[in-house]
Amino acid sequence: MDEKRVHTGRYFMMGNVACAEGALAAGCEFAAGYPITPATEIANHLAEKLPRVGGAFFQMEDEISSIAAVIGASWAGKKAMTVTSGPGISLMLENIGFAIGVETPCVIVNVQRGAPTTGMPTIGIQGDMVQAKHGSHGDYEIIALCPSSPQEMFDHTVIAFNYAERYRTPVFLLSDAFVGHMREEVVIPEAEKIETVYRNIPEPGTDPLKVKGFLDEDVAPMPIFGKGFKAHVTSSCHDEYGKRNLIDISALDKFVRRLSNKILKHKEEITLVERDYEDAEIVLVSYGGVSRAAAAAASQARKRGIPVGTLRLITVWPFPGEEIEKMARKTKQVIVLENNLGQVYPYIKAEAAHFAEVSFLPPKLVGEIQDPEDILKKIEEVSK
Amino acid sequence: MNELVHPYHCFIRPTVTHTTFCPGCGDGTVAQSILRAIDGLGMDMDDFVFVSGIGCAAWIPSPFFNADVLHTTHGRPIAFAFGIKMGLPDKKVMVVSGDGDLVAIGGNHLIQNARRNIEMTVICVNNGIYGMTGGQAAPTTPMGVKTTTTPYGTFENFFEDISGLVIAAGASFVARWTTAHPRQLTNSIKKAIQKKGFAFIEVLSQCPVQFGRKMGTGNAVQMLEDYKKRSISIKEAKKLSPEELRDRIVVGEFVDLDKPEMVEEVTRMIRRASGEVQEVVDAGRG
Chain A
-15 MDEKRVHTGR YFMMGNVACA EGALAAGCEF AAGYPITPAT EIANHLAEKL
35 PRVGGAFFQM EDEISSIAAV IGASWAGKKA MTVTSGPGIS LMLENIGFAI
85 GVETPCVIVN VQRGAPTTGM PTIGIQGDMV QAKHGSHGDY EIIALCPSSP
135 QEMFDHTVIA FNYAERYRTP VFLLSDAFVG HMREEVVIPE AEKIETVYRN
185 IPEPGTDPLK VKGFLDEDVA PMPIFGKGFK AHVTSSCHDE YGKRNLIDIS
235 ALDKFVRRLS NKILKHKEEI TLVERDYEDA EIVLVSYGGV SRAAAAAASQ
285 ARKRGIPVGT LRLITVWPFP GEEIEKMARK TKQVIVLENN LGQVYPYIKA
335 EAAHFAEVSF LPPKLVGEIQ DPEDILKKIE EVSK
Chain B
5 MNELVHPYHC FIRPTVTHTT FCPGCGDGTV AQSILRAIDG LGMDMDDFVF
55 VSGIGCAAWI PSPFFNADVL HTTHGRPIAF AFGIKMGLPD KKVMVVSGDG
105 DLVAIGGNHL IQNARRNIEM TVICVNNGIY GMTGGQAAPT TPMGVKTTTT
155 PYGTFENFFE DISGLVIAAG ASFVARWTTA HPRQLTNSIK KAIQKKGFAF
205 IEVLSQCPVQ FGRKMGTGNA VQMLEDYKKR SISIKEAKKL SPEELRDRIV
255 VGEFVDLDKP EMVEEVTRMI RRASGEVQEV VDAGRG
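Residue numbers (my numbering), protein chains in the order written: chain A, -15 to 368; chain B, 5 to 290.
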């Protein structure tokens, strides 16, 4: 990887800037977006740094065109991303479905803010968790990662690009205003220590009629434009060759199932979690910025002699149900913590409730991460 | 015995066996004009990436053209084409879609990219109706006309001059023809492909099934004759008053000018930012 892209060193850095640095290190060449708080620092930083390595950030007329341009650039062979917040994602959803349907690698950063609607732009909440999974119409699988620190804003952006390229799919980075605007130590490793992945493409010179560029559960090579593959890329129901089929239900079944299975089949490789619940009778399950409070509360509780552990979801989608079950089998009480009114909670409960008592601790005020003291109170309450 | 093969059959995707257009549709004329232009310029389908939206006209390149084709969501083909052009600046990017796609739901992408003057060819097939969904009113449907969503007649003012909109937005090449002018259309498409800038061609195209039959404007032949009768060149139109021009179709090349083109400007910016060339302050460019 180009040394100019990787700015090795130890920094005191804002999460959003770390995200942009991660994108550079991952090989991002094209970014498009529309100004929105609290994601603008990523766009600003990319606009400054991308041209220095031959790329560019483009400010589009809206978020719909931003994601459209990103998908177009990806089909032109470029590693591409967009950055926005909830209102922008709401506008992008149709084209995110398009990207899934035609298997387009791209990274979508959502620095979540107070919602619904225009909400409260500078306050971080985890309000768009289910939107990422179910926002676009139809059945589909998506990959979403939840960073909890500026360091992870860097690390997870690199992983997001690698997943996008490996599985030919949009990948969400679900951050929020707290993590995005947080300033902490960020260590950028040396270039050779950062793994980067580029999509498989068909062998140059392959007969276009023989290019099976779609609907392979083990990820078809991408017949990117400009290489003579004569790719017919349509988001309407199509077969392995990209040929449109609007009359045969079995073609639709394959279209839906294979796209989903492409992600589900590789769930184990995609799933990232942080487990710290050995011998714990109570496990705090959380993700993103909230997990910092959960870790603090668990440590306090252990000091008081209560066996409390944590499970942090880094990959929230595809939902790591197996990890939840594994944890629930070993514990008695599960407390779910999110900075929302319980979006991922029903998914966790569905997997865990057969083995353990599951409860939800909402934030005292939506938009305010749970105070470790309040978490401790809840722990004491359930441990009685 | 020699098999008779259409001279442009080689441009058609080998897996395509039949057309999906209704009998009498103007889309075939537009498709052939595009292919004649490409052939006339001595170009290859691999020199192009085609992008289309949703609607009948969007099916002209998808699946028929044997090339890289991205068939996108409704209204957004120009926005997708933006990313493709930036990623493959040496390829010709051509958007083919209808009036509903490009001017109604996708109107802002048309305006903004004409303003940017990014190099691409946009062919807007204007049939004045939503054909694929069954004859609903479009922003281009003349006022008072009965459609399936306006059973008592449309009550909205309509876009009489899409080309004027694109000219005002800043495109470097703008032309309007009808499907009764295939030769002129082909020549303008040739110019549009070669233009360093945003090149827009509006083609009035007959929809005998959803428009002609319901509005009583007749079959394909009658509609083409009507286009011929109503069309007037830009030069001749200048001699007439707005009153005399009512219900006439002004055809020709309205704009063909040279101005800064976006891909070139981006390349220049990247060269400066990456230190490949020294930053020069150009006082002449405000």
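Hints are computed from structural coordinates only; laboratory data are not their basis. Heads up, a few of these hints could be off.
Quick list of in silico lysine-lysine cross-link-like pairs, DSS-like style, CA-CA up to 30 Å [said to hold, decoys possible]: (1) B/LYS96 to A/LYS211; (2) A/LYS314 to A/LYS227; (3) B/LYS95 to A/LYS227; (4) B/LYS243 to A/LYS211; (5) A/LYS196 to B/LYS195; (6) B/LYS150 to A/LYS211.
What you are looking at is a predicted structure, and each value in this text was computed from that prediction instead of being measured.
Which earlier hints turn out false for this structure, listed by number in ascending order?
-> Hints 2, 4, 5, 6 are the ones this structure does not satisfy, whereas the remaining hints hold.
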